[in-house]
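Trainee: As a plain string of letters, each chain reads:
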Amino acid sequence: MNENGRRTPVLERPEIRREFRKELRARLMSQAADVLAPRPQRQWLFASAWLRPALAAAVLAVFVVAGATSAAASSLPGDPLYGMKRASEDVQLALTFDDVARMQLLSDLTDRRLAELAEIAKERPASAPTATAEYSDAVDKFADAVDKLRDAESDGKADAAQAVADAAREKHKVVLDAVKDKLPENAQPGVQKVIEKEEQRTANERDRGGGGRGSTGGERRANPTSRPTPKR
Amino acid sequence: MPNAPVPTPVSPDRAEGGDASLAIRAGKGDTAAFGALYDRHVEAVYRYVYYRVRNDADAEDLTSDVFMRALRAISRYEPRQAFLAWLYRIARNAVIDRSRRTRIQISFEDALAHPGVDQVVEPDSALLALSDKQAVRAALARLTPLQQEVIVLRYVEGYSTQEIAAFVGKREGTVRGIQFRALEALRTLIPSREALA
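As given, the protein sequences belong to chains A and B, one line each in that order.
In this note's numbering, each number is its position in the first sequence, counted from 1, plus 16.
In this note's numbering, each number is its position in the second sequence, counted from 1, plus 16.
Check each hint, because a few of them may be wrong.
[As the list claims (entries may be wrong)] Cut-off 27 Å, straight-line C-alpha distance, at most; resulting in silico cross-link-like pairs (DSSO-like, lysine-lysine):
{"#": "1", "chain 1": "A", "residue 1": "Lys173", "chain 2": "A", "residue 2": "Lys198"}
{"#": "2", "chain 1": "A", "residue 1": "Lys198", "chain 2": "A", "residue 2": "Lys138"}
{"#": "3", "chain 1": "B", "residue 1": "Lys44", "chain 2": "A", "residue 2": "Lys38"}
{"#": "4", "chain 1": "A", "residue 1": "Lys164", "chain 2": "B", "residue 2": "Lys44"}
{"#": "5", "chain 1": "A", "residue 1": "Lys164", "chain 2": "A", "residue 2": "Lys213"}
{"#": "6", "chain 1": "A", "residue 1": "Lys196", "chain 2": "A", "residue 2": "Lys138"}
{"#": "7", "chain 1": "A", "residue 1": "Lys196", "chain 2": "A", "residue 2": "Lys173"}
{"#": "8", "chain 1": "B", "residue 1": "Lys44", "chain 2": "A", "residue 2": "Lys187"}
{"#": "9", "chain 1": "A", "residue 1": "Lys213", "chain 2": "A", "residue 2": "Lys198"}
Keep in mind that the hints were calculated from the coordinates and are not lab data.
Predicted model, so just to flag it, every value in this text is computed and none were measured.
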């Protein structure tokens with residue numbers, strides 16, 4: 017035991033370069049003055065937090081008055097009302113302040129984009145590239161929200177993010193595999209790209225080593241074949 | 017098998033001058049408090065990331081990244097969590113993000129061959145009985161990232177399983193299990209079985 021009550025190190029301890037340590041400290045201190053300073057724009061943000069719901073409500077009211085919302089709800093990519101449907105969703109997102117609820121909403125919207133893609137594949141293949149792009153964009157936004165929550169200090173939030181992501185990924189994989197072959201050739205690379213990105217995300221999560229997120233509690237055993245060691 | 021260490025409770029340490037106290041002050045704009053936290057923990061962060069990326073340049077980049085992230089996030093730090101656990105979580109995420117970007121597989125393969133190493137190794141563990149360090153390196157490289165992490169925190173930083181549990185966000189029993197399986201794997205992978213007996 018050492019003076020901190022810790023075990024004496026058993027493995028070698030690499031040492032940090034003194035110059036680097038000094039430079040980094042200087043850089044941090046110079047940035048800390050800006051980063052840690054109280055920000056006057058926080059007041060503006062506070063004000064905008066009040067303004068945002070009002071603006072969003074106004075936009076919603078316009079939609080209601082126009083009687084277009086319900087018609088837009090069933091629109092598909094390429095339809096004239098589709099932009100209105102997306103704007104309505106954006107308003108809904110703007111009004112969702114809780115991180116977990118926002119991530120859940122993004123998951124729902126991703127489901128919606130996938131359903132649209134499936135519908136397009138059946139009814140209107142010519143719009144498939146647009147629908148694929150919409151779906152890909154939704155998946156990226158959802159993944160960003162999951163990543164943000166995964167980095168959250170709250171284990172509960174991170175676990176919720178992982179659970180929703182796992183469920184969504186499993187569901188989408190099945191649907192995408194079914195839909196892919198029905199799409200015209202010019203839409204297939206887009207879908208394939210989404211599938212590959214999802215596979216990469218899954219692999220990355222696996223590499224995180226089950227750090228408490230969605231892990232079943234079982235630590236992966238050492239697997240000599242699963243971890244290639246590239247040489248620099 | 018090494019003897020079980022005396023458990024050292026992980027505490028947020030809210031006392032004046034403690035990590036949590038400094039972090040709170042830093043979050044309120046006290047740059048000197050952030051500097052003090054940096055001075056306390058930069059070496060541990062460097063060692064942690066070094067063992068994950070295996071070279072000085074990347075370890076320095078990651079150490080910078082970790083403290084920049086900590087600086088931006090310090091105002092959101094909550095003292096119910098030990099500061100060091102919070103910092104290790106940032107470090108872990110930084111390593112993962114980097115591996116996503118570069119797709120370099122993280123390994124211990126060359127980490128133990130750090131050229132600047134001069135502090136080593138008190139003979140208090142059976143691991144030290146290993147005469148073939150090359151075999152140890154090869155074996156460590158085959159552990160999972162979490163097993164590697166536990167081994168670093170345990171055998172490089174000397175933390176207790178209770179402390180490691182706080183760092184990796186798992187129960188102490190789970191950490192003991194991970195450590196046990198890591199050592200089991202090493203026993204299997206290292207030619208000289210007597211070395212870890």
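Trainee: Could you work out which earlier hints the structure fails to respect and list their numbers in ascending sequence?
Mentor: Of the numbered hints given earlier, those the structure breaks are 1, 7, 8, listed in rising order.
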